[in-house]
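Taken in order, these protein sequences are the chains called A and B.
For the first sequence, counting from 1, position 52 maps to 51 in numbering that gives the first Met the number 0; every step adds exactly one.
For the second sequence, counting from 1, position 250 maps to 249 in numbering that gives the first Met the number 0; every step adds exactly one.
Don't take every hint at face value.
Derived lysine-lysine pairs resembling DSS-like cross-links, with alpha carbons at most 25 Å apart [to be verified]: (1) A/56 / A/22; (2) A/277 / B/54; (3) B/54 / A/132.
A few chain B residues that don't get close to chain A, going by computed Cβ distances all over 10 Å [unchecked claim]: (4) 54; (5) 56; (6) 108; (7) 130; (8) 282.
Calculated directly from the structure, the hints in this document are not laboratory data.
No residue lacks a Cβ here, since even glycine has one placed at the ideal position from N, Cα and C.
2 protein chains.
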Amino acid sequence: MSKGTIALLVNSNAQNWSPERWKARFGEVCPDRRVVLLPDPALDPAEVHYAAVWKPKPGDLAAFKNLRAIFNLGAGVDALMVDRSLPDVPLVRVAVGDLTDRMTEYVVLHVLMHHRQELYLRDSQRARRWEPKYQWVASAITVGVMGLGTLGAASADALRALGFRVVGWSRSEKQVEGVTCFHGSDGLDAFLRATNILVCLLPLTPDTRHVLNRDVFAKLDRSSPMGAPVIINAGRGGLQNEPDILRSLDDGTLGAASLDVFETEPLPEASPFWTHPKVVLTPHNAADTDADEISKYVARQIAQFEAGGALENVVDRGRGY
Amino acid sequence: MSKGTIALLVNSNAQNWSPERWKARFGEVCPDRRVVLLPDPALDPAEVHYAAVWKPKPGDLAAFKNLRAIFNLGAGVDALMVDRSLPDVPLVRVAVGDLTDRMTEYVVLHVLMHHRQELYLRDSQRARRWEPKYQWVASAITVGVMGLGTLGAASADALRALGFRVVGWSRSEKQVEGVTCFHGSDGLDAFLRATNILVCLLPLTPDTRHVLNRDVFAKLDRSSPMGAPVIINAGRGGLQNEPDILRSLDDGTLGAASLDVFETEPLPEASPFWTHPKVVLTPHNAADTDADEISKYVARQIAQFEAGGALENVVDRGRGY
Numbered sequence: 000m001s002k003g004t005i006a007l008l009v010n011s012n013a014q015n016w017s018p019e020r021w022k023a024r025f026g027e028v029c030p031d032r033r034v035v036l037l038p039d040p041a042l043d044p045a046e047v048h049y050a051a052v053w054k055p056k057p058g059d060l061a062a063f064k065n066l067r068a069i070f071n072l073g074a075g076v077d078a079l080m081v082d083r084s085l086p087d088v089p090l091v092r093v094a095v096g097d098l099t100d101r102m103t104e105y106v107v108l109h110v111l112m113h114h115r116q117e118l119y120l121r122d123s124q125r126a127r128r129w130e131p132k133y134q135w136v137a138s139a140i141t142v143g144v145m146g147l148g149t150l151g152a153a154s155a156d157a158l159r160a161l162g163f164r165v166v167g168w169s170r171s172e173k174q175v176e177g178v179t180c181f182h183g184s185d186g187l188d189a190f191l192r193a194t195n196i197l198v199c200l201l202p203l204t205p206d207t208r209h210v211l212n213r214d215v216f217a218k219l220d221r222s223s224p225m226g227a228p229v230i231i232n233a234g235r236g237g238l239q240n241e242p243d244i245l246r247s248l249d250d251g252t253l254g255a256a257s258l259d260v261f262e263t264e265p266l267p268e269a270s271p272f273w274t275h276p277k278v279v280l281t282p283h284n285a286a287d288t289d290a291d292e293i294s295k296y297v298a299r300q301i302a303q304f305e306a307g308g309a310l311e312n313v314v315d316r317g318r319g320y
Numbered sequence: 000m001s002k003g004t005i006a007l008l009v010n011s012n013a014q015n016w017s018p019e020r021w022k023a024r025f026g027e028v029c030p031d032r033r034v035v036l037l038p039d040p041a042l043d044p045a046e047v048h049y050a051a052v053w054k055p056k057p058g059d060l061a062a063f064k065n066l067r068a069i070f071n072l073g074a075g076v077d078a079l080m081v082d083r084s085l086p087d088v089p090l091v092r093v094a095v096g097d098l099t100d101r102m103t104e105y106v107v108l109h110v111l112m113h114h115r116q117e118l119y120l121r122d123s124q125r126a127r128r129w130e131p132k133y134q135w136v137a138s139a140i141t142v143g144v145m146g147l148g149t150l151g152a153a154s155a156d157a158l159r160a161l162g163f164r165v166v167g168w169s170r171s172e173k174q175v176e177g178v179t180c181f182h183g184s185d186g187l188d189a190f191l192r193a194t195n196i197l198v199c200l201l202p203l204t205p206d207t208r209h210v211l212n213r214d215v216f217a218k219l220d221r222s223s224p225m226g227a228p229v230i231i232n233a234g235r236g237g238l239q240n241e242p243d244i245l246r247s248l249d250d251g252t253l254g255a256a257s258l259d260v261f262e263t264e265p266l267p268e269a270s271p272f273w274t275h276p277k278v279v280l281t282p283h284n285a286a287d288t289d290a291d292e293i294s295k296y297v298a299r300q301i302a303q304f305e306a307g308g309a310l311e312n313v314v315d316r317g318r319g320y
């Protein structure tokens, strides 16, 4: 007998995020429940106890009156936070080691690419130019990590292990071993003035929208052997002021940028980011999480919840993450 | 009063390896010695007690009859091993943490580039194509490190910390924590059959010349999500059979290669490696070591030696490294 229905709603253009794939995974890990894909006109909304969603549109979940919890299938819940009709039940965000590990790889890769002058070296290869440049040590570079949650702390650890100096900034006070941590608006300037490579892993909230702007870039430290500072955004496109990034790259305020996210995704073909010589662009795939891992995580949380336990990683709707 | 003469001989086209720069550094760390640059027609060879060299030509050191030790300014001593007239005094190789750290950065960067499909992603950016592909986990990839000296062991550690499976191979038996180690010609096949990304950090000796050849490539494992295996050579150009690499890239035996070293350096402009779409080429700058660090290391060893202590990291001329 079915223990109730899980409704899945997946809006993604990523190759491995097909709704059918998610349905198959959830079917495997929740064999005693019915798993349906939304939209499903034949479905009685009252039967649905859990929703597992990625980027639903506002209103998509309003009809589910008997919902007990909503599981977000990725790390960022900003798409849900703008939905005023979202049922008032616990909203759980994904926090699986797999996603943290993927993000750490992305951050380490892109910090190393800029530290080791990959843009120059690829240009040199294309020009058949054998001109090694001085390569400074990792400890000559300070990486500033904005956002010291699970993702930021893991990236900071990995960067420290490779010899980089690491500073961090978060909204509220945090402590990460070996990392000089700043917090709040009072701590932002000191954090920026220490930073050569700025890594942004903040959640997108009304407070953080366009936090990556020209005023911020102008405060970054220019005294490292790299010269102009670099930004890496693996959070959300809404964190960045895109005209400010382009202007700052063009006038040398920034030396380069790695961008995994954009205000409009997929990035329109006409965007100047595609061809900008100082931009390393990836199609929002920094930390794609495996459907296997996430479906197991959701199944475990449901079992725990129905046995009377608490849900983990519940979003604070006031903070927005 | 001078405590004797140190002769410097530096053959390098790297920007930061100017002989004058080395002379200035040695002058700073050995203030009570005379430091001369070779060739110097006014120099009495009998006055020279120490030579610090990078890529001398055979015969360059033959005239120095009162030499007490030769310091090689980089990690590889292969240029010295072919010199039959080399004075029979201790030959010391550089082993400074700085060089190990630079090599670890290079290896981690290039393993991550291939693991995270950077060649595909850069192509996609150039083509304005927003098509994220499935990104497997690091633990789906086994990196095989050939050469388990200081450099290989440090790279293995850093890769393990990022979640990669790591196996190792060395001539004689070695143990590295968390790494399945193979050794000798008997262990080579099992090592290759486990490996998806082959990292070569071997010294160049008559035994290792052209160890990176088609027979070896054909034995690498093709069952990872990456498909075809990848090689990364940060050792010496003489370790690689270059026609074999090109043929193996072209017919799919290899999926990609990161090459920092070549049989002829600088790489001739006509080389097909420059423009090969599956090659990530760097101009022998994986582990450039800081003149400050090396000159301090040599000064410390000379002081220790003259106080009756032993020289460290002396090359075994029988083994060739």
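Here is how each hint holds up against the structure:
Restraint check for residue 56 of chain A and residue 22 of chain A: satisfied, since their Cα atoms lie roughly 19 Å apart, inside the 25 Å limit. For the hint pairing residue 277 of chain A with residue 54 of chain B, the CA-to-CA distance comes to about 36 Å; that exceeds 25 Å, so the pair is violated. For the hint pairing residue 54 of chain B with residue 132 of chain A, the CA-to-CA distance comes to about 19 Å; that is within 25 Å, so the pair holds. Separation of residue 54 of chain B from chain A is adequate, the least Cβ-Cβ distance of about 14 Å exceeding the 10 Å criterion.
At roughly 20 Å, the least C-beta separation between residue 56 of chain B and chain A is larger than 10 Å, which holds for a residue marked as non-interface. Listed as outside the interface, residue 108 of chain B is inconsistent with that label: its C-beta sits roughly 4 Å from the nearest C-beta of chain A, within the 10 Å cut-off. Not every C-beta of chain A lies more than 10 Å from that of residue 130 of chain B, the closest at about 6 Å, which undercuts listing it as non-interface. For residue 282 of chain B, the requirement that its beta carbon stay farther than 10 Å from each beta carbon of chain A is not met, with the minimum near 4 Å.
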